[in-house]
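Number of protein chains: 2
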Amino acid sequence: MMKFTLLAQDKGSKARCGVLETAHGEVHTPIFMPVGTVGSVKAVHVRELREDIGAEIILGNTYHLYLRPGTGVLEAAGGLHRFNGWGKPILTDSGGFQVFSLTDTGRKITEEGVTFRSHIDGSRHLFTPEGVMDVQRSIGADIVMAFDECPPGTSDYRYAKASLELTMRWLERCVARFDGTEPLYGYEQELFPIVQGCVYRDLRERSAEHAAKLERGGYAIGGLAVGEPAEEMYAMIEVVNRILPEDKPRYLMGVGTPENILEAIERGVDMFDCVMPTRNGRNGMLFTTEGTINIKNQKWERDFSPIDPMALAYVDVDYSKAYLRHLIKADEILGLQICSVHNLAFYLWLVREARRHIAEGDFVGWKAKLLPRITRRL
Amino acid sequence: MMKFTLLAQDKGSKARCGVLETAHGEVHTPIFMPVGTVGSVKAVHVRELREDIGAEIILGNTYHLYLRPGTGVLEAAGGLHRFNGWGKPILTDSGGFQVFSLTDTGRKITEEGVTFRSHIDGSRHLFTPEGVMDVQRSIGADIVMAFDECPPGTSDYRYAKASLELTMRWLERCVARFDGTEPLYGYEQELFPIVQGCVYRDLRERSAEHAAKLERGGYAIGGLAVGEPAEEMYAMIEVVNRILPEDKPRYLMGVGTPENILEAIERGVDMFDCVMPTRNGRNGMLFTTEGTINIKNQKWERDFSPIDPMALAYVDVDYSKAYLRHLIKADEILGLQICSVHNLAFYLWLVREARRHIAEGDFVGWKAKLLPRITRRL
Numbered sequence: 005m006m007k008f009t010l011l012a013q014d015k016g017s018k019a020r021c022g023v024l025e026t027a028h029g030e031v032h033t034p035i036f037m038p039v040g041t042v043g044s045v046k047a048v049h050v051r052e053l054r055e056d057i058g059a060e061i062i063l064g065n066t067y068h069l070y071l072r073p074g075t076g077v078l079e080a081a082g083g084l085h086r087f088n089g090w091g092k093p094i095l096t097d098s099g100g101f102q103v104f105s106l107t108d109t110g111r112k113i114t115e116e117g118v119t120f121r122s123h124i125d126g127s128r129h130l131f132t133p134e135g136v137m138d139v140q141r142s143i144g145a146d147i148v149m150a151f152d153e154c155p156p157g158t159s160d161y162r163y164a165k166a167s168l169e170l171t172m173r174w175l176e177r178c179v180a181r182f183d184g185t186e187p188l189y190g191y192e193q194e195l196f197p198i199v200q201g202c203v204y205r206d207l208r209e210r211s212a213e214h215a216a217k218l219e220r221g222g223y224a225i226g227g228l229a230v231g232e233p234a235e236e237m238y239a240m241i242e243v244v245n246r247i248l249p250e251d252k253p254r255y256l257m258g259v260g261t262p263e264n265i266l267e268a269i270e271r272g273v274d275m276f277d278c279v280m281p282t283r284n285g286r287n288g289m290l291f292t293t294e295g296t297i298n299i300k301n302q303k304w305e306r307d308f309s310p311i312d313p314m315a316l317a318y319v320d321v322d323y324s325k326a327y328l329r330h331l332i333k334a335d336e337i338l339g340l341q342i343c344s345v346h347n348l349a350f351y352l353w354l355v356r357e358a359r360r361h362i363a364e365g366d367f368v369g370w371k372a373k374l375l376p377r378i379t380r381r382l
Numbered sequence: 005m006m007k008f009t010l011l012a013q014d015k016g017s018k019a020r021c022g023v024l025e026t027a028h029g030e031v032h033t034p035i036f037m038p039v040g041t042v043g044s045v046k047a048v049h050v051r052e053l054r055e056d057i058g059a060e061i062i063l064g065n066t067y068h069l070y071l072r073p074g075t076g077v078l079e080a081a082g083g084l085h086r087f088n089g090w091g092k093p094i095l096t097d098s099g100g101f102q103v104f105s106l107t108d109t110g111r112k113i114t115e116e117g118v119t120f121r122s123h124i125d126g127s128r129h130l131f132t133p134e135g136v137m138d139v140q141r142s143i144g145a146d147i148v149m150a151f152d153e154c155p156p157g158t159s160d161y162r163y164a165k166a167s168l169e170l171t172m173r174w175l176e177r178c179v180a181r182f183d184g185t186e187p188l189y190g191y192e193q194e195l196f197p198i199v200q201g202c203v204y205r206d207l208r209e210r211s212a213e214h215a216a217k218l219e220r221g222g223y224a225i226g227g228l229a230v231g232e233p234a235e236e237m238y239a240m241i242e243v244v245n246r247i248l249p250e251d252k253p254r255y256l257m258g259v260g261t262p263e264n265i266l267e268a269i270e271r272g273v274d275m276f277d278c279v280m281p282t283r284n285g286r287n288g289m290l291f292t293t294e295g296t297i298n299i300k301n302q303k304w305e306r307d308f309s310p311i312d313p314m315a316l317a318y319v320d321v322d323y324s325k326a327y328l329r330h331l332i333k334a335d336e337i338l339g340l341q342i343c344s345v346h347n348l349a350f351y352l353w354l355v356r357e358a359r360r361h362i363a364e365g366d367f368v369g370w371k372a373k374l375l376p377r378i379t380r381r382l
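Residue numbers (the working numbering), protein chains in the order written: chain A, 5 to 382; chain B, 5 to 382.
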């Protein structure tokens, strides 16, 4: 089993630092994982991820990689680490979320799995718990996720309960398949169960207890940040983290804003991924140590100051706000690149700082001082 | 006047090496200038231009920069070098070519200048030789180009002659305005006349003689590679270069393929720019030391070899052909970035090699051996 060592515990909260040892290197938690949907973090070179942003682990999507380039190419390449040139740790989402969010026509859920149409060419496919484990063996991610049903955030209790029960049965099939197969490339992979249950406390507890009993190397919390108030999300995290084992990493899927991340760290979460830094960046929205910026606004037209005075990445030194505004207004690809590199550097800076303040025992005070600054709109 | 020193002359041809000293650094010729239309070389960071591609000078477009961000922003920034973070030498095209190629409705040419509609918002503008000099003072390029009429490549003699005569009158007005104004940012700029005359030998001679008499720091050859056979282009270059002074740099505008560039170098041309490496790159067409590649082709699907075995840039080491094909097929921005960096690295490698072989005196033999290799389709 993948080794996870807790290095420090914050004095005033449940926040903790740790190190996760994977076959492709160490991951220091709390960590943010840039999203590389089809294998590539959009508009960002692997050299930038490694040397400039300080990324330690990236995320790939099973759904996208299965459709394109397909498992044949990935196996011929020797797995995703070798295919995309990243080489460091990778986690793959199981495709559950994509099947439910990207394919809207002709999707059918049965006990066996989900049939869906490709968003690329409309072709029909079946994802089963077993099949998704096999695809993730082909991708070769260090951490693979269980295949789950992702019910809408607005699901009523009845639907949420039935959905969770299906997800739990699928989880057992995932575990059976995963444990019954060998990795393809000679290094260890780890399967994380996903805790579901919408915003229903008893369902979340039941799901977390079921997952914990399976004694895996780490656990994910899914189905949050899908429209519910942030306070409900935080409450669910508290419910789940009281049950999940202390000595294993906890991954909050698809979350979120810098504030969401700090609040979740305070409640004992260790790993995060979100498209927000890259997707919002491509729309000209920047996270900075002074506050958030919509770079399209007229007010930046003649502001020749650095994108971030803290110079979190080389792009903050090489380019000014005014130039970046010009690039985004002129639809230049370079503008998307700069925003993506900067925002990811910000997210990685945020979790590095969080680790430092947890180790120093003043996480809560630091968070209280930082949040008003970084969340204001400039 | 900008200092140009000839360093070597090829033994078997008119090819020569030199160094041009600008206020922002030296340019070693023959040189290829990446095109940064609106100030940015599309999909390429300035750090990559400087450190990875070996670019020494880039090109900006007066037409585009005048429309966006506009001279007010450029002047507030202290010129384009400071605005775009590049800092090294810049040449600006005068906008003549763009006015005639990008604005098709409502364009009107008079003795005074050209009225045209912006391709961005349809607003009306007037470019005169004097106005274009002023805009290039605001941009602050090291080398600025005269404002010329760019007649269609298919122009008959009568049109070409009238057009050239207008261009010559405009050139004199450009010189008068340029010499009658001061640079805005405290460093010297240099105005290059543009030789026109379509494919008519006597017009080219007349234009070159007129330009040469103006005794400027360098000269450009425009209006070629606009549809005429390559042999006619090479013949026109020979005609013009017999007249232009030996001791000044000669810039062949908007050219071209690697073959075009080597043939023009052999005929005494020193400077080149072209969108081909970046534009074709964004379409998945790669120039390599082994031949040209359409990366979209099925044959590269499982080819995990480097993009170029010569490893001309870090992207050739970090990524494989198969991965690049996947990125381009999946419309990933990173694919455009990789192709752009690679192709520009190839063009800069080509002119560096040309310089080396001119210095060694075996340019023609090297060219004859290289061309069949790099022009074949893989």
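These aren't lab readings, by the way, just hints derived from the structure by calculation.
One or more of the hints may lead you astray.
As the list makes no split between identical chains, a pair holds if one copy fits it or if it spans any two.
Each computed BS3-like pair below joins lysine-lysine, with the alpha-carbon atoms no more than 27 Å apart [said to hold, decoys possible]:
1) Lys252 / Lys15
2) Lys373 / Lys217
3) Lys303 / Lys112
4) Lys92 / Lys112
5) Lys46 / Lys112
6) Lys112 / Lys252
7) Lys303 / Lys252
8) Lys300 / Lys46
9) Lys252 / Lys92
10) Lys333 / Lys92
11) Lys300 / Lys112
12) Lys217 / Lys165
13) Lys333 / Lys7
14) Lys300 / Lys252
15) Lys46 / Lys165
16) Lys333 / Lys373
17) Lys333 / Lys46
18) Lys303 / Lys15
The hints, checked one at a time:
Taking the shortest Cα distances, Lys252 and Lys15 sit within 27 Å of each other inside one copy (19 Å), while across copies they are farther apart (72 Å). In this assembly of identical chains, Lys373 and Lys217 lie within 27 Å of each other by CA distance neither inside one copy nor across copies; the values are 39 Å within and 69 Å between. For a Cα distance limit of 27 Å, the shortest separation of Lys303 from Lys112 qualifies neither inside one copy, at 49 Å, nor across copies, at 36 Å. For the homomeric pair Lys92 and Lys112, neither the shortest alpha-carbon distance inside one copy (36 Å) nor that between copies (59 Å) is at most 27 Å.
For the homomeric pair Lys46 and Lys112, neither the shortest alpha-carbon distance inside one copy (30 Å) nor that between copies (43 Å) is at most 27 Å. For a Cα distance limit of 27 Å, the shortest separation of Lys112 from Lys252 qualifies neither inside one copy, at 34 Å, nor across copies, at 73 Å. For the homomeric pair Lys303 and Lys252, neither the shortest alpha-carbon distance inside one copy (47 Å) nor that between copies (45 Å) is at most 27 Å. For the homomeric pair Lys300 and Lys46, the shortest alpha-carbon distances inside one copy (20 Å) and between copies (19 Å) are both at most 27 Å.
For a Cα distance limit of 27 Å, the shortest separation of Lys252 from Lys92 inside one copy, 21 Å, qualifies, whereas the shortest one across copies, 52 Å, does not. Taking identical chains as interchangeable, the C-alpha atoms of Lys333 and Lys92 lie at most 27 Å apart only when they sit on different chains, with a minimum of 24 Å there against 35 Å within one chain. Proximity of Lys300 to Lys112 under the C-alpha cut-off of 27 Å is found in neither arrangement, the shortest distances being 42 Å within a copy and 34 Å between copies. In this assembly of identical chains, Lys217 and Lys165 lie within 27 Å of each other by CA distance solely inside one copy; the values are 19 Å within and 88 Å between copies.
For the identical chains of this complex, Lys333 and Lys7 are neighbours neither inside a copy (47 Å) nor across copies (38 Å), given an alpha-carbon limit of 27 Å. When the C-alpha separation of Lys300 and Lys252 is checked against a cutoff of 27 Å, the pair qualifies neither within a copy, at 43 Å, nor between copies, at 44 Å. Taking the shortest alpha-carbon separations for Lys46 and Lys165, neither the intra-copy value of 36 Å nor the inter-copy value of 51 Å comes in at or below 27 Å. Taking the closest pair of Cα atoms, Lys333 and Lys373 never come within 27 Å of each other, the shortest separation being 34 Å inside a single copy and 46 Å across copies.
Taking the shortest alpha-carbon separations for Lys333 and Lys46, both the intra-copy value of 19 Å and the inter-copy value of 14 Å come in at or below 27 Å. Taking the shortest Cα distances, Lys303 and Lys15 never come within 27 Å of each other, neither inside one copy (42 Å) nor across copies (58 Å).
The structure does not agree with the numbered hints 2, 3, 4, 5, 6, 7, 11, 13, 14, 15, 16, 18 stated previously, though it agrees with the rest.
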